[in-house]
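Peer 1: For the protein sequence lines, the chains are A and B, in the order given.
All residue numbers for the first sequence refer to the working numbering, where the first residue is 2 and numbers rise by one.
All residue numbers for the second sequence refer to the working numbering, where the first residue is 2 and numbers rise by one.
Some clues are possibly wrong.
You can't tell identical chains apart in this list, so a pair holds if it fits in one copy or across any two.
Below are the PhoX-like pairs computed for lysine-lysine, each with C-alpha atoms no more than 25 Å apart in a straight line [what the hints assert, rightly or not]:
#1 20 with 46
#2 20 with 149
#3 73 with 20
#4 20 with 155
#5 149 with 87
None of these hints come from the bench; they were simulated from the model.
Predicted, not measured: the structure shown is a model, and the values here were computed from it.
There are 2 protein chains.
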Amino acid sequence: MGTSKEIMGNATNDDAILKLGNELCFSLYACAKEVIRIYRKPLEKIGLTYTQYIVMMTLWQFCDMSAKEIGKKIYLDSGTLTPVIKKLEKSGFVKRQRVVEDERFVKVILTEKGLKLKEKASTIPQTLERNIYLSYDETMTLHSLLNKALKGIKEGTKI
Amino acid sequence: MGTSKEIMGNATNDDAILKLGNELCFSLYACAKEVIRIYRKPLEKIGLTYTQYIVMMTLWQFCDMSAKEIGKKIYLDSGTLTPVIKKLEKSGFVKRQRVVEDERFVKVILTEKGLKLKEKASTIPQTLERNIYLSYDETMTLHSLLNKALKGIKEGTKI
DNA sequence: CTTAAATAAATTGCACACAATCTAATAACA
DNA sequence: TGTTATTAGATTGTGTGCAATTTATTTAAG
Chain A
2 MGTSKEIMGN ATNDDAILKL GNELCFSLYA CAKEVIRIYR KPLEKIGLTY
52 TQYIVMMTLW QFCDMSAKEI GKKIYLDSGT LTPVIKKLEK SGFVKRQRVV
102 EDERFVKVIL TEKGLKLKEK ASTIPQTLER NIYLSYDETM TLHSLLNKAL
152 KGIKEGTKI
Chain B
2 MGTSKEIMGN ATNDDAILKL GNELCFSLYA CAKEVIRIYR KPLEKIGLTY
52 TQYIVMMTLW QFCDMSAKEI GKKIYLDSGT LTPVIKKLEK SGFVKRQRVV
102 EDERFVKVIL TEKGLKLKEK ASTIPQTLER NIYLSYDETM TLHSLLNKAL
152 KGIKEGTKI
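Generate the whole structure from the sequences, applying the supplied hints.
Peer 2: Encoded structure:
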């Protein structure tokens, strides 16, 4: 089973330039996946999946959020969000109720249990610190570059 | 539908420190998802999904790869990889064959069609450049920080 | 006022992603 | 040598993630 034998031995300059975009997108993909993976076990202990955790974090920060608003904040559409919120309701962390003034909206509300979960979840963020091995400055830089990229993509997506 | 009203008005210092870990993990999650989203349409044109593209990129770089080796390189286990590779085989881009010397291994081999696809895919990486709005230096920094983080996670994962 | 357009959720179908388990093949060792 | 342990892939079950469609409600236009 040969390893690391390059097929296209002599990579052209063009190749090299194109490579960066792909490598960046791969690093992003892999890094996000690995980070989610290390969060999995700690989250399991408090009864959340990663996606459910993202939703709960949003609810811990803001109140009176409609499903639509949550989705906009965490980049998820109703196809993903509806079942996630329903599961959170089943676990007793949130309640869902239609808004009286506009029955199209579903308001998602923290329950007492959901609010209490915030304390249990307080040690979760340390998971990343213990595993990522970046200095504080590096972490800040990474964070701000990711947000800048995210903002760029959000503004004008021309595929 | 109230927006941006913080429930826990007075965030403690502790909160602030913990917040960074969570925000970083969220930015990673969101950014990776958005990048995959903008790759979707261009990839669809050449008949690949994002995951299939990652596998093909790996095969364009190396030859004689077993499923195991591919999985290690792109952080995927057989549960994900087996069906993806089978789909690539169905599309005619790769062939799968058991290794004679050790029947446990499946060797994944590019077909003529799979090799030719590399040229069609040559414009794909520009997708990111057109959408991410980072300078060359920023892109390089982001890339290296992601790889450093990835390496850190890979070395010793203590959850 | 009535029909048409717009909007928020829900539903459906397809493609991952991964833990857990199973199967088959090889390696290790008593 | 025969049994056990290890290993690579395949399978199964659960949970996203998203495009496309549907449903219910509200708004806009004529």
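Peer 1: What hint numbers does the structure not satisfy?
Peer 2: 5
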